[in-house]
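Residue strings, one per chain:
Number of protein chains: 2
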Amino acid sequence: MPMARQSLDEVSRKLHNAALHLMRYVRTQDTALGIGPAQLSALSVIVFGGPESLNELAKAEQVRPPTMSRIVDALVKEGLVKREVNRSDRRAITITSTEKGTRLMHEGRSRREKQLINLLKNLSQSEVDQLDQASEIVMRALKHS
Amino acid sequence: MPMARQSLDEVSRKLHNAALHLMRYVRTQDTALGIGPAQLSALSVIVFGGPESLNELAKAEQVRPPTMSRIVDALVKEGLVKREVNRSDRRAITITSTEKGTRLMHEGRSRREKQLINLLKNLSQSEVDQLDQASEIVMRALKHS
DNA sequence: TCTGCATGGTTAGCATAGCTAATGATTAGC
DNA sequence: GCTAATCATTAGCTATGCTAACCATGCAGA
Numbered sequence: 004m005p006m007a008r009q010s011l012d013e014v015s016r017k018l019h020n021a022a023l024h025l026m027r028y029v030r031t032q033d034t035a036l037g038i039g040p041a042q043l044s045a046l047s048v049i050v051f052g053g054p055e056s057l058n059e060l061a062k063a064e065q066v067r068p069p070t071m072s073r074i075v076d077a078l079v080k081e082g083l084v085k086r087e088v089n090r091s092d093r094r095a096i097t098i099t100s101t102e103k104g105t106r107l108m109h110e111g112r113s114r115r116e117k118q119l120i121n122l123l124k125n126l127s128q129s130e131v132d133q134l135d136q137a138s139e140i141v142m143r144a145l146k147h148s
Numbered sequence: 004m005p006m007a008r009q010s011l012d013e014v015s016r017k018l019h020n021a022a023l024h025l026m027r028y029v030r031t032q033d034t035a036l037g038i039g040p041a042q043l044s045a046l047s048v049i050v051f052g053g054p055e056s057l058n059e060l061a062k063a064e065q066v067r068p069p070t071m072s073r074i075v076d077a078l079v080k081e082g083l084v085k086r087e088v089n090r091s092d093r094r095a096i097t098i099t100s101t102e103k104g105t106r107l108m109h110e111g112r113s114r115r116e117k118q119l120i121n122l123l124k125n126l127s128q129s130e131v132d133q134l135d136q137a138s139e140i141v142m143r144a145l146k147h148s
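If you read the sequences in order, they're chains V and W. If you count the first sequence from 1, you need to add 3 to reach the numbering used here. If you count the second sequence from 1, you need to add 3 to reach the numbering used here.
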């Protein structure tokens, strides 16, 4: 089967659709963790990106500071992160993951990836490599944006 | 640059990451439409998938019927969809898009795709084709799941 | 037919997550 | 040191998720 040369419009539409449904598919695993999607997403930034201030975290998650403040409240209450005052600027706080938070996040990531592996396990090696290449192309484009 | 043969684990992780950040990138366009994400997503199912009952719509959107009932309330109030009683089963309703709803949805889709086109416009034709192939692989896998 | 159960949808009430506006505490600039 | 900017929080609104309970309709079997 020859590969057709596709227009940018058409590929954008198809890529959007594929990414949308892929995320829907993996998200089904998150309920098992017992915390909401916003908390889970914020926790992932902390665990995989390291400690951050509230403003940085809000920007990374594309929400306003008051929203993030409340999300952090909930995470603290559940013992998943710690609030610490920044020594060099006492207005600011540093949000750090606890042992429990890190464990939960790794379990969540693992669940999503297992779900994805299950989806892809019948693909040929060549197809898997194509997905790998596509992921790199997308990540490179996003980095330059 | 030779293409490495990647493990399924590694590719799953990378694909997940790419899709996640891609959706985050396109979602920034949605605020311009003036309706919330759940309403927008439900409307897209109606507009692109045709009229559906409330239960079908709830299943498609992975939410419970009461949640979808309220989302439809909001869409009706804004004049974007119509509720109609099903003639053959008068318990059921059929939710149909209005002219206004269809127009809004097409504008939203167009905005997301413009954002995506902007992201991909500097890629080579070969890279675009790789994204096309990857989208097809993903959609095919999802269909068989 | 009619009785009882199943099904489609809504209502009520709760939790989470988004926003803006306003406030408090600290830092930075002059 | 005074003033303005910055970091975070509080208050209060809307939107979106859930379960439990309900009403209306349809269906199946005695």
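Bear in mind the hints are in silico, worked out from the structure with no lab data behind them. Some clues are possibly wrong.
[What the hints assert, rightly or not] Keeping only pairs whose Cα atoms sit at most 25 Å apart, straight-line, the calculated DMTMM-like set for lysine to aspartate or glutamate is:
(1) V:Lys85 x V:Glu110
(2) V:Lys17 x W:Glu81
(3) V:Lys117 x W:Glu64
(4) W:Lys124 x W:Asp12
(5) W:Lys146 x W:Asp12
(6) W:Lys17 x V:Asp76
(7) V:Lys17 x W:Glu55
(8) W:Lys124 x V:Asp33
(9) W:Lys17 x V:Glu110
(10) W:Lys17 x W:Glu139
(11) W:Lys146 x V:Glu55
(12) W:Lys62 x V:Glu139
(13) V:Lys117 x W:Glu13
(14) V:Lys146 x V:Glu55
(15) W:Lys146 x V:Glu64
[As the list claims (entries may be wrong)] Non-contacting residues of chain W with respect to chain V, defined by C-beta distances greater than 10 Å in every case (computed):
(16) Ser15
(17) Ala21
(18) Ala22
(19) Ala61
(20) Asn89
(21) Lys103
(22) Glu116
(23) Asp135
(24) Ala137
(25) Ala144
Predicted model only: the values in this text are computed from it and were never measured. In this text, a Cβ means the ideal position worked out from N, Cα and C, and glycines have one as well.
Exercise for review: Of all the hints given earlier, name the ones this structure violates by number, lowest first.
Suggested key: 2, 4, 6, 8, 11, 12, 15, 16, 17, 18, 22, 23, 24, 25
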